[in-house]
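There are 2 protein chains.
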Amino acid sequence: MVVKEYVTYNQVHQLCQEAAPRILADFQPQLMIAIGGGGYVPARILRSFLKQPGSSNIPIQAIGLSLYEQLPSTHPSAADSPGEVEQPGTKVMRTQWLDLTSLGEMKNLVGKRILIVDEVDDTRTTLEYAVKELEKDVELARQKLGYEGEKTKFSIFVLHNKNKEKKGQLPEDMLDENRYLAARTVPDVWICYPWEATDIEEHDALAARQTIT
Amino acid sequence: MVVKEYVTYNQVHQLCQEAAPRILADFQPQLMIAIGGGGYVPARILRSFLKQPGSSNIPIQAIGLSLYEQLPSTHPSAADSPGEVEQPGTKVMRTQWLDLTSLGEMKNLVGKRILIVDEVDDTRTTLEYAVKELEKDVELARQKLGYEGEKTKFSIFVLHNKNKEKKGQLPEDMLDENRYLAARTVPDVWICYPWEATDIEEHDALAARQTIT
Numbered sequence: 320m321v322v323k324e325y326v327t328y329n330q331v332h333q334l335c336q337e338a339a340p341r342i343l344a345d346f347q348p349q350l351m352i353a354i355g356g357g358g359y360v361p362a363r364i365l366r367s368f369l370k371q372p373g374s375s376n377i378p379i380q381a382i383g384l385s386l387y388e389q390l391p392s393t394h395p396s397a398a399d400s401p402g403e404v405e406q407p408g409t410k411v412m413r414t415q416w417l418d419l420t421s422l423g424e425m426k427n428l429v430g431k432r433i434l435i436v437d438e439v440d441d442t443r444t445t446l447e448y449a450v451k452e453l454e455k456d457v458e459l460a461r462q463k464l465g466y467e468g469e470k471t472k473f474s475i476f477v478l479h480n481k482n483k484e485k486k487g488q489l490p491e492d493m494l495d496e497n498r499y500l501a502a503r504t505v506p507d508v509w510i511c512y513p514w515e516a517t518d519i520e521e522h523d524a525l526a527a528r529q530t531i532t
Numbered sequence: 320m321v322v323k324e325y326v327t328y329n330q331v332h333q334l335c336q337e338a339a340p341r342i343l344a345d346f347q348p349q350l351m352i353a354i355g356g357g358g359y360v361p362a363r364i365l366r367s368f369l370k371q372p373g374s375s376n377i378p379i380q381a382i383g384l385s386l387y388e389q390l391p392s393t394h395p396s397a398a399d400s401p402g403e404v405e406q407p408g409t410k411v412m413r414t415q416w417l418d419l420t421s422l423g424e425m426k427n428l429v430g431k432r433i434l435i436v437d438e439v440d441d442t443r444t445t446l447e448y449a450v451k452e453l454e455k456d457v458e459l460a461r462q463k464l465g466y467e468g469e470k471t472k473f474s475i476f477v478l479h480n481k482n483k484e485k486k487g488q489l490p491e492d493m494l495d496e497n498r499y500l501a502a503r504t505v506p507d508v509w510i511c512y513p514w515e516a517t518d519i520e521e522h523d524a525l526a527a528r529q530t531i532t
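Order-wise, the sequence lines are chains A and B.
Per this note's numbering, the very first residue in the first sequence carries number 320; after that it's consecutive.
Per this note's numbering, the very first residue in the second sequence carries number 320; after that it's consecutive.
Don't take each hint at face value.
Note that identical chains are pooled: a pair holds if it fits in a single copy or bridges any two copies.
Using 20 Å as the maximum straight-line C-alpha spacing, the simulated EDC-like pairs for lysine to aspartate or glutamate come out as follows [stated by the list, open to error]:
hint, residue 1, residue 2
1, K370, D518
2, K370, E515
3, K410, E467
4, K470, E337
5, K323, E521
6, K455, D507
7, K470, E447
8, K410, D345
9, K483, E467
10, K470, D495
Just so you know, the hints here were simulated from the structure itself, not pulled from any lab data.
Predicted model, so just to flag it, every value in this text is computed and none were measured.
With these hints in hand, go ahead and build the complete structure from the sequences.
Right, here's the structure in full:
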């Protein structure tokens, strides 16, 4: 039986609100990168709570990543290896990447503190991809500019981390330096986010019943 | 006195849900462009309701636009013209634009039906900018490719349209062909969206009181 956990919009809002002071204290982000579509809602809410009086909003850049199912029928290379076990959802596809024209080239990321935002850390595949690719792009830019000692610091915020074996890995220094924050760590359940609800009132009622029991 | 209208997350969700069948019937979008940060939440919710059984999700590209205040102190050109009246919030600044590498160049937009999503149509300045710039980019791509008769159709969805005199203009054919949809048209009030609430429960209580009176 698949256990479902229903999360309301107001709970998502409060998870972001609760995390914001720690994000401000520990990460002091100068830019957020929202992984779409799941990261859009928490990133927008977080922006409100990260706003400091007298300062501008922290800018958000959205990137689009989706887990891609490798099907033998459409991927001849997989079909060519009959012994290979199909691994659904292990390839990451970019649907949007950073817009370098508005960022004024990648150099504007060099030496910055960047917060990557997503809704859930499930297998960690998407997060691993995001961090690796962003680090690679920034390192190339740093070398090109000849900057020294301008290390870009990536941190991660997710609403929920599923307590399970991860397929993806995050950099050791990120974990060691506590640059990973999950508002909640949950068992390996099916998390039902409100933006996927077809009946939001029933969704809220199911969530309320959970909280009571 | 500024009249405030409080909108809850569930109301935002239901406004998207209610609009989805009309969007599917009239616009049949193949791509959404979310204007950040306000368009992030409605775009993510809409994606759920626009999903057709057996088809993939409609991809979302995020762009970032913000209204820019021209202050004489920081803009010498304005300070040089002492008779000029300051126009706060009339210049649009791009903080993110389309990522052409993932879109496979702008040609992938040519001939498509594209839905632009934002939370509110206030002065219409941002929407005018978005439509004009997107149309320009797509037209350039079309000419370069030598495509004929492949007109790209932009449509707009906003949660709220404020019934007021607009500073920005939308293309006449967009309005004539009903490619503009506002879930609600409201007087020129201050709309309080939930993602800006510092106390979401009080926000909901204020919204509930409004609905009753």
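Checked against the structure, which of the hints given earlier come out wrong?
-> Checked against the structure, the hints that fail are numbers 3, 4, 6, 8 and 9, while the rest are satisfied.
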